[in-house]
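*Asks:* Sequence:
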Amino acid sequence: MTAPTLPVAELAAAADPAALDLTDPQTFDDNDPHEMWRPYRAHNPVFWHAPRGGNPGFWVFTKYDDIMAAYRDNKRYTSEQGNVLSTLLLGEDSAAGKMLAVTDGPRHREIRNLMMKSFSPRVLAPVVENVQKLTDRLISEAVEIGELDFVTAVADRIPIHTIGDLMGIPAEDREQLVDWNAQTLSRYSADDGEEVSLMARNEIVLYISGLMAERRRNPGEGEDVLSTLATATIDGEPLSEEEIIYNAYSLILGGDESSRATASGIVHAFSQHDDQWRRLKNAEVTLESATEEVMRWTTPTMHFGRYALVDIPIRDHVVKAGEIVTLWNSSANFDEDAFVDPYTFDLGRTPNKHVSFGHGPHFCLGAYLGRVHMISMLESLRTRVADIELLAPPTRLFSNFANGHASLKVRLTGERSA
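Residue numbers for the sequence shown follow my numbering, beginning at 174 and rising by one.
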């Protein structure tokens, strides 16, 4: 991909806030999310998105530095009325004050510290080992098949097993969770109504409720995340049932969606960028640097949001107390002032301080495992696949939040040595 080459005057005209409806997933089907932000960063880096369709208006931040500053600032902004547009526009989040992602202050620190026990290197060691084994097996099977939908055959099946290991979810239930999860913050197409997302969320919550009750009766080893939450206390008091359910739900939702999106995104990127595929194959770049560039390039989570607690000056504007602010990672990760040649896919890019995992107090709890997934995928592709050929244009998830694929038809040619 190269940057758009519109003249300056046309770029300025393209930065009209009225030209975008960021509440409509169709906007992201009609525009390349990588490219559509460039005129706004250049000419309208902070703007007011007018109310549409009965939804309230909200602020849009497009520049890396502004977004990073907002992520760090948990004094003037809060997540407790939602952290994505789907809940912020409703004016509330039913999980506020209970789920880590939409809880601030001391309770946020207490729950985060508690959950971090299940993310220690010792506890995660067998989980990490299983990630590489599963990835190798799925890529080997994909090579044998040859032509396949990479999303359903591979990408859908890796992160849910990692989360399943983390939470002690029975193997026979995991495929169903994948399907429910795909319908929550993203949809397969415009034909899926909001009621589909709501029903899927309810199914996941009901499922976790049943698991939680079982763990409280039979806590077992107590090291999987759900057992930790179900048996833990803070200041001598156990977590409420809602805190346990919502935080387990958050892990399933966030960990599965972002890793699936990144896995399909990198295969698509390699099908378009043979030079970078050869750099990976020839070990000209490290798996670690390649992983960071993949995370930047795919940006699986396009935005997060906050709610202003006080009036906040920003550039030539003032965000008023009580107004919604949206932070667009999909713009920040391609900001010309933060990245050299941002529209160049460069697996050796350094430094690479992308915001794909967020930043500040709400930095993604599962960032380490997200990187493990990608390193395992890159290693398996490098050693087992000779060529990647795109067979049809990919189909995007119908979402203004998740930047992923509903379908990616490819042909994988295997390495003889593998």
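Be aware that one or more of the hints could be misleading.
Taking lysine-lysine pairs in the BS3-like style, the calculated list, with each CA pair at most 30 angstroms apart, reads [said to hold, decoys possible]: (1) 306 to 248; (2) 290 to 582; (3) 454 to 290; (4) 290 to 306.
Label-pair restraints from in silico Cβ distances [stated by the list, open to error]: (5) 587 to 223: 29 to 39 angstroms; (6) 294 to 379: 40 to 50 angstroms; (7) 379 to 282: 51 to 61 angstroms; (8) 290 to 249: 22 to 32 angstroms; (9) 404 to 521: 42 to 52 angstroms; (10) 521 to 286: 19 to 29 angstroms; (11) 404 to 191: 50 to 60 angstroms; (12) 565 to 229: 44 to 54 angstroms; (13) 390 to 215: 28 to 38 angstroms; (14) 390 to 296: 48 to 58 angstroms.
Derived from the structure by calculation, the hints contain no laboratory data. We put the CB at the ideal spot given by N, CA and C, even for glycine.
*Asks:* Under the criterion that the straight-line Cα-Cα distance not exceed 30 angstroms, is the pair residue 290, residue 582 satisfied?
*Replies:* Violated - the C-alpha atoms of residue 582 and residue 290 are around 39 angstroms apart, more than 30 angstroms.
*Asks:* With respect to the beta-carbon atoms only, verify the hint that residue 565 and residue 229 lie 44 to 54 angstroms apart.
*Replies:* violated, 39 angstroms
*Asks:* Okay, residue 521 versus residue 286 on CB: inside 19 to 29 angstroms?
*Replies:* violated, 36 angstroms
*Asks:* Holds or violated: 50 to 60 angstroms for the Cβ distance of residue 404 and residue 191?
*Replies:* Given a distance of about 53 angstroms, which is inside 50 to 60 angstroms, the answer is holds.
*Asks:* That 29 to 39 angstroms hint for residue 587 and residue 223 (C-beta), does it hold up?
*Replies:* Because 52 angstroms falls outside the window, the suggested range is violated.
*Asks:* Is 51 to 61 angstroms a correct range for the gap between the Cβ atoms of residue 379 and residue 282?
*Replies:* violated, 29 angstroms
*Asks:* Do the alpha carbons of residue 290 and residue 306 lie within 30 angstroms of each other, as the hint requires?
*Replies:* holds, 24 angstroms
*Asks:* Regarding the pair residue 306 and residue 248, is the alpha-carbon distance no greater than 30 angstroms?
*Replies:* Violated: residue 306 and residue 248 sit about 43 angstroms apart, past 30 angstroms.
*Asks:* A range of 22 to 32 angstroms was offered for this pair. Does it hold for the Cβ distance of residue 290 and residue 249?
*Replies:* holds, 31 angstroms
*Asks:* Given the hint of 48 to 58 angstroms, check if residue 390 and residue 296 actually sit that far apart at their C-beta atoms.
*Replies:* Violated, since residue 390 and residue 296 (Cβ atoms, about 22 angstroms apart) do not stay within the stated range.
*Asks:* For the range 40 to 50 angstroms, tell me whether the beta carbons of residue 294 and residue 379 fit it or not.
*Replies:* violated, 33 angstroms
*Asks:* For the pair supplied as a hint, residue 454 and residue 290, confirm whether the alpha-carbon distance does not exceed 30 angstroms.
*Replies:* At roughly 36 angstroms apart (the allowed maximum being 30 angstroms), residue 290 and residue 454 break the hint.
In summary, the structure is inconsistent with hints 1, 2, 3, 5, 6, 7, 10, 12, 13 and 14 from the numbered list given earlier, while agreeing with the others.
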